[in-house]
Every structure is written in C-alpha cells, then in structure tokens.
Amino acid sequence: MGRQITIRALKFDPQSAVSKPHFKDYQLEEIPSMTLFIALGMIREQLDPDLSFDFVCRAGICGSCAMMINGRPRLACKTLTSSFSENVITLMPMPSFPLIKDLSVNTGEWFAGMNARVESWAHHKKEVDITKPEERVDPDEAQSVFELDRCIECGCCIAACGTKLMRENFIGAAGMNRAMRFLIDSHDERSDDDFYELVGDDDGVFGCMSLIGCHDTCPKQIPLQGTLAQLRNKMVKVGKAR
Amino acid sequence: MKVVYCDALVVGGGLAGLRASIACRQVGLDVIVLSLVPVRRSHSAAAQGGMQASLGNAKMSEGDNEDLHFLDTVKGSDWGCDQQVARMFVTTAPKAIRELANWGVPWTRIKKGDRPAVINGEHVTITEREDRHGYILSRDFGGTKKWRTCFTADATGHTMLYAVANEALHHKVKIEDRKEMIALIHHGGKCYGAVVRDLITGEIVGYVSKGTLLATGGYGRVYKHTTNAVICDGVGIATALETGVAKLGNMEAVQFHPTALVPSGILMTEGCRGDGGILRDKFGRRFMPAYEPEKKELASRDVVSRRILEHIKRGYGANSPYGDHVWLDIAILGRAHVEKNLRDVHEIAETFAGVDAADDSLETEENLKGMPTDEPDFGPGAPKQKGWVPIKPMQHYSMGGLRTDYKGHSHLKGLFCAGEAACWDLHGFNRLGGNSVSEAVVAGMIIGDYFAAYCKSAELDISTHIVEQFIQKSHEHIQELLHNDGKENVYEIRERMREIMDEKVGVFREGHTLEAAVNELEELYKRSKHIHVKNKKTHNNPELEDAYRTQKMLKIALCIAKGALDRTESRGAHTRLDHPKRDDANWLNRTLASWPDPNQTLPTLEYEPLDIMKMELSPDFRGYGAKGNFIPHPLKEQRDAEIKEITERIQAQGGDRYDLQEALMPFDLQPKYKARNVRLDDQRQGE
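Chains as they are written, first to last, in the numbering used here: chain A, 1 to 242; chain B, 1001 to 1687.
In case anyone wonders, no lab produced these hints; they're calculated from the structure.
Yeah, the Cβ is synthetic: ideal placement off N, Cα and C, and Gly gets one too.
You may find that some hints are simply not true.
As the list claims (entries may be wrong) - Not the full set, but computed from the structure, chain B residues with beta-carbon under 8 Å of chain A: (1) Trp1103; (2) Pro1289; (3) Ala1353; (4) Asn1677.
Bound conformation, chain B alone (with noise of 0.2 Å):
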C-alpha cells in the first residue's frame, strides 16, 4: 500500500485551498495541495462581479470603512451569522485586496475626472478626484450602504484565481492534480490525512497529514438547475460527514438567484435588470409589477426568485424541452445600449441559448393564443420578440457547510475547512453579492494561519496499521461498487434526486412537500447502495466516479431537505410558506446535521445557539418585506439596553468607531490582519 506523507494536507485548488497553502509555506511546512482538476480550473474562476472590500478609494465609495461592511454582511445573513467572524472578515478584507494587488491582480482602476453611469435608472456623470487617480476602483452591488465591489472587468474571480495560483508556484506549494479524496483517516476524534484516488489510473494512495484542511467548494450539482460547475458536487464535505465526528452547519440554507439562463445555468447578471430590462410571461406580459408594485423587477433577489416561481406555477411560463421558464427582455433597452454596455451579457445570450438578445423583431405571435382576458393586473400580452432570453431561478450558492470554530477548526481535531465549503459562518442564511470570492481569499490567509500554526505543532501520534484499515476500506468500496449484483443506474438516481431537491427543497418550501421530499430521498439513498456499475474498469472510470459521489450527494440532499423540514421558519433564503415570519425565540441557531452511525439512512440533527447577549448588532428588521415580520428573541431588549448603555459610555470617554467596536463585542485576530486599515482619507487627515 502506497502512504505519502506530508505536514499539512490541502484538499481543493481554489482561492481559498490555495491561500492556505501559501500560509503553510510561509512557515515552511511541507504542504500538499489535491486538486479534482488543473488548480486553475476550479470554481472560483467564474465569479465575475467581484470582491467586497472597504477600501473608500472612489467618489462613490468614501466613507466606507469595516463598520459599514459589517452591518451589511450582518443584515444580509438575516441575523444567522457569527459576528465575531463578519468582524474577522471585514478587517482583513482591504488587507486581502491589497495583497492581491501586490501578487499581480489588474484590479481595474480609477481615472480621474468625469465618466457616466445609471443610477436608478438615470444617467448621472460621476466625477472622480485627481489625487485618487490610479487606485482600485469599486462598482456598486446590491444591498450594499457604499460600493465597495472591487473587480477586474467582468472576469475577477479568474484574475484573484490566478495570481494566488502564481504565488503557490512562486512558494514552491506542491500541487497534485485529477486526485479526488474519498476518505479520511481518523482515529480517537483526530484526522490524520486522507484516502486519495487518482481519477487517471483510479490508484488509491494514503496521504497522511499532521493537520487537513477542506476547500472544497459549494454543493450546487444536488439540485438539477444551478449556477454551479459540475465539480460542486458536495462530496468533499460528505466525506467529512462520513466520519461520523464533523458536523455540517446550516445545509438548508442555500441562495437562488432570479436570472439565470435556461438551459446552461450560466447567470444574466443583475445589472440587466438594473439597467431597465424586464422580465415576461409566455404571454409576454409584464408580471412583476401586479407581484411587487413597488421595486418590480428590482425587488431583493430572493423576492424576485419567488415570483417568478409562484408565476410558472400558474401556468403562465414558457414551454420548452428544459422545462418552464420566463423571459428576460433587455431588447427593450435598444440595440445599442446591449451591444455597448451588456456585451457580455449579449455574448453569452447568442452562444448559450443562440438568442440575440438585442433583436426586438418578431418571432411569433402564437405565444398569445389561450391568454387569460380576466386578469388586467398582469398587464397587457405582447407577441413573442426574437430577442427574448430564457430564464429561470437557480440554485447559486451554498451558505451552509462543514461546521467549524471561528479559527476553521471543525468538530474533528485536525481538520479544517475554508471558503464556500465551510460554515464558519460569515454568511448566515443569506449570502450578500461580492462577499464570496472576498470570504474565499480571507478565509484562505486566516484560516489558513491558524492551520498552519495547528500543523507546526500537531503530532503525527497513529499507527500505520490504522491508515491501512482505512486505505483498505476505500478498496473494498469501490470493488463492491463494481462488482455487486445491483440492479440500479446511477444516472436514474442522480437525476431523480436532483429533481427532488428542485421541486420540493427549492425557494419555496413547505411542511408537506419537505416531508415527501426527504421520504424520497431516503429511498434514493437506500436504493444507492445497489448501483450497478457496467463498465469494470478500475482506471479512468467517468461511471464508477459518479456512483461513488451519487452515494454521497445523497447525503448533502438528505441533509439540506431534513434541516429544512425541521428548521420551522423563514430566514434569508430559507422560506416557509406554512411558517413565513423570521422566529428568533426558538429558531436563532446554527443546524448541526452529522451522521454518526453509517447504517443510518438520515442525518441526525442538533442545534447550535446563537448567543445574542455576545452579538454587536441585536436582531432586527432586515429592511424588506412586511415590517415586524419577525418573532422577537426574549432577551432582545436586553441586550439592546446593554448596547446602549455600552454605547453611552464609551461616546462619554470620548472613544472612537474602534474602541466602541472593542467593547459592544471584542473577537479574536492575528494581530497581522486585526491591524487597522489605512484608507486615503486617513493618510489625507494625517499629513
């Protein structure tokens, strides 16, 4: 049996796998980094829009400081996250860009004088000072008090990916590529490395570590429409669950956005709404309106999510042979408004869907037979425009993850988690735009330090027979997956399930539907144990790779329906039609899901209090919906007597935004990262 061994193993190539890794080298560990596939390839590439960081640099910017990103990561986490960690992140997050900057990354920058843009609709000339000529630039984003979303044109998330990837090289980081992790090795509640199949030669290698961490990424691939790419399975976190020792935070909450294009799931940015482009029935009527006269189109992502949905259920979305839909209309904003300022947009549209989405001449007007004459508010049909773009809600980001402490440890000793695969938990129940590839590059310095300094320290106290026991183990599953005399096909199953988790675990949950959907999914599950894998190879095996994850997507699936089922309210993105108001007395805690026992065919569930009595902003309305949509925790007031009281004094001692911020919640940092930010105006005031 083949054992590599090494001080810290890292599994996942993306931004955060791949920071942590350099912090490993810093301190001169020997670290290895497992990647599905070549590093430069995963996930984090896709994110265009780009990375939350109160920098203040630009006119639109100014005055924007930690404090500000803090409320709102707060705000849109519904209350669910650990604020001690929003604070960890909003400090180091200029620090995180500035580095980047350093390491290469083109952030796009600031000219100075007068250049135009739209704000709410209409055109305005921004006009930026001399002296700020040549720093990083910020774009608004949504739910943001400043903008603050600094970005590399449309492509920021490719640039961070890079220029981290360069510096492992630089740091000498040792990467191995097409290796997928299918166990870990632990012993007495401790990890000591993993259980690694090449997907090449589909040889199984023990890689045995002082300390692990998991960058894995998101599980969007359990539902059949998402953003995702096809490696965010879930599996690397699934793993974990099957120790029987970590415990996954949060599953049920998982983000959906309105727009994202029918078939490919690739997202029509929110910029096209912004912009003035509207959304249509198969009518081609203006729904949004009659459901939310107020901010139409632009109503907050998870409302305009639900809309259309509600609307499709009525029977009123499009047909076509990838399901029912709406359409996005951005023709209307004329051809050259598309081909100038939403030429990705326009590009994506025309490859993906072979839709120009400039073309506002007819198609058809059979999508106006069978319209219903009786309902005026829905506005008047319109026949059908070449130019429209298909669209439907999505599944786009995973909020929930493995379960760790503010430094990335999980509940197994030795295994740490970072970035999206994680539930540290910046997030909440509510993921704010720009504030993902942020958290995946922070996590990956801050975390990644704390694993470091974990892996110098940690000894490498288990007994060879036991990584064998366990290399063995992973031998014998994959023999049993080839060689059983099951009847199942891992695609029925994988499909069927990913079905479930779009129709009943979706934007919309109910009691009744949830309860059907995780009867369901363990019958999925039990039925898994008896796939049948046609081709025997062992080697390079696209079908036995997929049943082996298959069984393990089912566990994620089963996770994310339980907690749903049980978790009897509506917070962020996670929506109860049966139990709409946000319940803070008996619901302001983290889901634990862990499965300590293989044989069991559900997760088991546990909750993990909030405690508000530490938290810097107290629980309150979020700014949406119906006011006073939520239940009051008991101990609410309080603690807002208390913040109050707190507040007074420190304003009375003449103490500024950091000392107050110290004594309402103070929360641990490595002092290289809990070090102030300098910001332009600071140095201004200072000269």
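Chain A extracted, bound-state conformation (with noise of 0.2 Å):
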C-alpha cells in the first residue's frame, strides 16, 4: 500500500454566475512514479470528471500544464507527488493569466501577444535560394541561439514575475528572452536600436525590478538573469546615445 495523498485543488469557474472559488480535496493512494499528470488523470476518470487543467505532451516539452504546486509555479507533468514530504499538496492556477476554469489558464492568448510585440521572426530582406547550401553560421553563435530558443513558453517565468503583478503590459522575461534570441541570430539583421523601439521602455527592460523569480522557476533551465541583464545593459547604451 502507498501512502495516502490528497491533493488539494482550486475550483472555479468564471463563467458561471454560481460558481464561488473554493478548494476541493481528493484522496488517492500515491503509486510508484506517480506524477501530477497520472494523479489528475485518476481524479478526473474517477473522482470529479469537472475538473478542468492542460495536458498536451505530459513529457515536460510543451509547457502546457505549468500550474501553482504548493505555492511554486512548476510543470505538473514534471512533478512528482513523491517530491513532497506532506500528504496534502495544493493546486492553483498560475497568478497574471486569464483564469479559463480551476487550474487552466489561457497562456495562449498571452504568448501570441507578446510574441506579435518582439515582431518574433527573423528579419531581413534577402531573397533566399533554397537550391543552394545554406549559408554558414558559426557553431557557437548556433549553440547559444539554441540555449535561448529552448523556452517552451509556459508561464511560469511570468507567474514567478513581481513586476508582472503591478504592471499588466509587463513582457516578462519570456519576452525578453525572445527578443535577446533574435537579436544574436546572424539571420536577423535588426540592430539594437530596432529592438530599442520594441523593448526600451517600462513595460520592457526597464521595468524589470531584477526579483529574479523567473531564474528560479524556470522548468528549462534557460540562463534568463544573465540573458536579461545582458539585454538591459545593450538597451540602455542605446538609449544613452539617444
């Protein structure tokens, strides 16, 4: 026999005119390996089939399912009940996302935002012939775009983020990760001073309080305190020269 867990997890549906937001516990009896993916799945099947959160890869890839755990914003595919040494571990939606119903969150509308903000592509103007060999980059500039790249846009870095509370327009280092990603790609031939206009201001760089909850939580490991201030210190250069 495992031990017995409850999990404990908000419910609460804003479209409904009844609905108050409350917790709700369910007791499971924890198995070998169990995740927080297996664990709602259980609950679902046989507990409360209402009870809505997001799962897509359940492989810790696609970001779907970051979600509070015990306070903490963290991918619940990628956690396991074992992890925790109290029997109760409690479940909230991340904070700064638009509450869709009990733990889902809408971090999509939220991601094509920002993403439509740092003009999230690589810009420039030549015509491509791809008949021909593509044209060489060098294999250290590639690893470091790729470090940036790897961000799987889950949210937590934004759920973690103190500035991100008191300012709604806030990019996040989720944003401010995209921007640095472009702006070392050889592919992209904007200049500082083009990404300036995009993120030299408040709700960009320099609204960043350097809280840094976004390093702690991110599930990837990505090196954003370091990718921020490298961001923050190119960004005030420019503005300066201005």
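With the hints as a guide, bring the two chains together.
In structure tokens, the structure reads:
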C-alpha cells in the first residue's frame, strides 16, 4: 500500500454565475512514479470529471501544464508526488494569466501578444535560394541561440514575476528572452536600435525589478538572469546615445 | 447561428498545418488555422532526434543524395509506400531544411577538426574539413546509408515548430486556439469547411471555406500505452471518415517503439542501446542474445519490440502497478558515461520514474526468487540494481491516415490532408526514423501549395441552409450526449478500448485475437452511443469532450483492428504470427476504410493496388529477418527486366542519375521544389 495523499485543487468557473472560488480535496493512494499528470488523470476519471486542467505532451516539452504547486509555478507533468514529504499537495492556477477554469489558464493569448510585440521572427530582406547551400553559421553562435530558443512558453517566469503583478503590460522574462534570441541570431538583421523600439521602455527591459523569480522557476533552466542583464545593458547604451 | 467565412481552413496547428497556412498566405489567401491548444504546444514539439534531409555536408554524410534517401525510405516502408510521393519528398527535404535555417532554426553546425564518436561500440575520431565549418551537421539514425539526420541538440521538433510558428506570425496567419472541429460541412461530394466547437465557451460555429486541410496528427491515444501526446487521438481523421466519402488508408500500419519508459511512455532513445545498454528481465537476465544471437539489443525496432513482448508473455516481465515490463540497464556503462553522453535520458528517468539510471548499487535480491534453473540460454540472473529503468514497447507512430493523392487531396473534393494524419503515402508499412518531422514540414510545403492553388480557383457554391443544417446537427449531438438516459461511463469504455488495442492489436497480431478485438470493439462502439455525461454544462466540460471524442476514437480503433484482421500477411510493422510472409502476390495494395452509412457499426474495407509496373524500385528483400521471406508479385520479373533495360539504355546514352530517375519513374512536383539541390561537392566541382 502506498501512502494516502490529498490533492487540494482550486475550483472556480468564471463563466458560471453561481461558482465561487473554493478548494476541493481529493484522496488518492500514491503509486510509484506518480506524477501530477497521473494523479489528475485519476481524479478526472474516478472522482471528479468536472475538474479542468491542461496537459499535452506530459513529458516536460510543450509547456501546457504549468500551475502553482504548493505555491510555486512548476510543470505538473514533471512533478512527482513523492517529491513532497507532506501528504497534502495544493494546486492553484497561475496568476497573471486569464483564468479559464479551475487549474486551466489562457497562456496562448498572452504569448501570442508577446510574440507580436517582439516581432518574433527573423527579419531580413534577402531573397534566399533554397536550392543552394545554406549560409554558414558559427557553431558557437548556433549553440547560443539554441540555448535561448529552448523556451517552451509555459508561463512559469510570468507567474513568478513581481513586476508583472504590478505592471499589466510588462513583457516578462519570456519576452525579453525571445528578443535576445533574435538579437544574437545572424539571420536577423535588426540592430540594437530596432530592438530598443520594441523593448526599451518600462513595459520592457526597464520595468524589470530584477527579483529574478523567473530564473529560479524556469523549468528549462534557461539562463534568464544573465540574458536579461545582457539585454538591459545593450538597451541602456542605446538609450543613452539618444 | 454564427458562420465565419474564409478562403482556406486549416485544422491543426503543428508543423504541417502551420507550414501549409504560410503557403496559403504567400498567394494572398485569407486563411484560418484552428488548433486544440496554443499552436506551439502541438506534438510536433516532441520530436527530439531530428529531420532527415540529404545535405551531404559532414564527413559521415559525404556522397549522400536524393537517390540514397529514396532507397532507404522505400526499403523502410517494406515497399508499401507510394514511390512517387517518396521521390517528391526526398527532392524537397533539403530545400525544407534550408528554408528553416533561413527562418532561424539554430541547427547544430559542423565544427572543423576532430571530434570523438562511438560507432559499433568502438571509440573513433571523426575529422571535419575546414571548408565545411559552419554548415549544417547530421547525426546517425537507424536504417540509413549515410548520416542524414539534421538536428538541434535533442529539441529538433521544438525549434522547427517555433520557427514555423514565428513565420506564420510574420505572414499574418489567423490562428484560433482551443477550437475543435466536430464535423465537416460537405455537400454533393465536396467539402465546404467545418463545424467547430470553442473549448472555452462551448459555442458551436460554422467555418465555411473554399478548401479545408486537415493536419491533425496521429492516433496513438487509441492505445493504452503510447509515446504520443494526449491530443493525438485521431479525432480529426475520424471526423473525415464520418463524411462517408473520405477514406482512411492503411490504418493497420502502426509503429511500436521498443524502449518507452513505464509508466509515462516517454521515449528512451535508441542511443541507450547503441552505446551498449542492455535489456534485463525480472530475474536480471540479459535475454536478447537468446532470441537474436547476432544483433542482440541492436536488432531493428520491430524485432526488439516483438522479443520483449514474447519474453514478458513467458512470465518473465517485472511486475508493477502499470503492468509487466522489462528493464533497461545503462548503469552498466558507468556513471561518467551516462551523465555526459546520455544526459537527457538520465534526467527523464529521474523525473518520470524516480530512477537514477547511473546507480549500479544493489537494491534487492528478492527478484531472483523463483528463477527457473533449466533455462541457461537466458543467461545468469542478477540481483536488482537501483538504476534499472522500467521500459516496454509502446505505440509510437501512425503510418496510416486520411488517404490522399500525391497532391494531398482526399476522396472528398476540397478536403486535403498533410503530415502524420495523412496516408499520402510516404511511409508505407514502416516509417524510417527522422522522416516524421521531415514529412510534416515538407508536406506542408508541397501539399500546402497544391491546397492553396485549389482554394484560389474554387468557388463557394453552397447554400447557407445546408451549412445551418450541419451546425444544427452538431448542436443536437451535444444535447443528446448531455441529456440521454444512457448508463455508460465514458472512461470505462475508453479504457477498455485502449486495453483491447494493446492486448490484441499490438506488436503481434493473430487471426483469432484480432477477431475477438473487432467483436469487442464493435460492442464498445454500440455501448458508446449510450454514454451518460454527468456534468451538464455546455461550456468547458472535459467529460463531454471525452464523450464525443471516444465515440470517434472507437471508429479509428475499428478501422485499425479490422484492417489488421483482413490483411493476412506480414509487412513492415504489421506482424501476423499466422501469416509470417510478406505477400506481394496478394497484398501489394493499400487498405481503404470508409464509413458510408452512419448506422453501420464496422468500417467498409476495400483495396487499392500499388502499381508495380510504375515502381522505380521493385519489391525485394528488406535486409533483415529470414531471406526470401516474401511471396513475389507475379509481375516482378517483368518490371525487373524493364528496369534493367531502361538503366542500360540511359547509361549507354551517357545519362546521369537524374536522367535515369526520370526514365524509370517520372513524377510531378512544383518546379520550385523539383529544382536540383546544389550540394557543397557540386559547388566545388563547378568552381
């Protein structure tokens, strides 16, 4: 027999006139290798078909299942129930994103807005002939771009961000990281000055209070602290020159 | 009733759908992409290993070209594929990867000089030429003549998907997420869009379009154990099946991967065994040498899968709450090797199974109890170590799908399909590693372009009355699910379906068990009409969604099981114990499944022959298993003679490989994609 655990989940349906936010407890017997993906699946199938949550890859790759787990933003699929010594695990939806229902939040809309704002594509005017060999890229540059391109848009950095709570339109670490990814990519011809137009304000790099909750909670261990500092440094130089 | 109009409707926001939507924008069409989830979360992101494209840049890729990629793909398919489609694909793949590079995919690049590698268990040094520094690198994958798999570390699918999604944003593609297609609107054999349900509000809206393209991915979730994401339920193509006009091809062609982690189903890469990792049974015995003395753990994917299950069936699997499994032991390689060379595997095992895969310390000797002493072939037992990783074969890839012609057009006019959802048919009965994300993006280019051309010329000659009827019917179906007096529980039905698929329509198939599967699935299908949904809300109701999806998934399961029952041969991943030979004389064809009458409870099957006289490569021995394990097609000798005659003639005329290919099997492809691929060697020679 595994230990008895309690999953305590926030329930609230903003589309219902009668629903009020409340916690509901679900008792489960813990089994070996039990992740919150497995636990929540069992709850839906056996205890409460109405509990809403999001999973897609269930392998820590897609970023769908971020939620507040014992007060900290994490990917539920990658979280083992055995990693908590207490018998009660409390689940809440991430703050800073519109609530859909229960543990499900609308990250898609937020990230679509962020991508539009930083114009998240490689800007260049060349006509490229794809029958010919590709442009050379320094292997180290490709590796550095890849390191930042690993962001899975899960929203943990946004949920962990103090600035975002106070500043509605703050772009967050995910947005600054995305800008930096294109800034160092030689396929993108935009200058530091161009990026200043996109992120050189209080809703961008200059709003960041450097609390670095983003860095601490990123499930992909993207080096956000250094990346943000580097970007801000570049933007300060542009700002001073103006 | 709300109706939205557009020129082109794309259902599915993975690699294939997004790339096709860009093709639509390039010719100025008003295109809408519908996605179940925010587009960057699709299953395309999960592809780790890489994308096949014959660039021939790196040392181990030198001399690679379209011909070799074609040969590998056709052999891999066990001659079940459409060879003209394979030609279209291998010709376009190098262009696809170069386009993606240009869009910013940070492909891993060649570094000049020496680098260490392990080939056949031997440590070797590979030296890259200075003039190749900075071009795209390729890695080795099973079943290929050259190192052809281009990659970005172990996150290839992720970087590809993000680049294509970024470019879709650049082209102002309209994307709507958390939207699910629940029916296709069609009339007079022509498709006019879809009925779509908003997964947040529950609103049902008609999307009317000149053309519709499905890029809805595979159907692995009809199995209990699968490496697929939870959204890969096959509901997209099931909805196409429900038109009664569109047909599904080769649904019985399902690929299984031998080493998926228990219970999560996440893949443990083939590299574990490539580096020297071994498989152990519950007594710690290394059993593979007894079954496959030559290749042992490194026999081909389908062979290893079969042996593991055979061994478990003998009662030698380790027990767990998630069923019996065997162990993958990579601790044998030493901690330094695991932590350096198998870093991700190490992390995945740690996170999802709570196992430190490098830990070779003793856990228990209990596992040795009851070991038979009269089976020396299976090797000596070993006490259980802490680092053994639980694995077993699981469903991995869907070769079958919505049957289309080479332009991606289905039997229903105006309905196109691309990517894993389609039976285009690039993969036949077995897909080569690295050809899946590659197909997704290449099909998005080629089929996307044909689709865009269709939408440009098509007319919207449908009355709003018919559109409203379809919306009304979907609305009624939802109400019926919510308010019937049935007693069936959706989760019990879905779970039983998945168990049947695993137990009876898995790696090994046999007439009597397949027959039992079909009967039981048909019974479940009938029961599914009486599913009772407890939660009565029309919006954001996961139970309701599972109810209508399960009804559709059962149709997919029936197409697979019935297809497998009737196909009395073994080809690629379809293994019939009672019909072990590949039978070209009777089965060189494609299974087509349709559902013309909504009241029928089994699919209608028919067969579409593959024309051997048009093949560039006639069906032959695939290279493993017993030689001569196939029954030749009666026209094989005639085609072989023709191929020989054509080859000699072209060679006598001094023709090159392009002339020969064109003479053997001419194929249609947009000129921009058919243009010859220039490689570094060609350039050097030209200088």
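Hint by hint, work out which the structure violates, then give me just those numbers in ascending order.
-> 2
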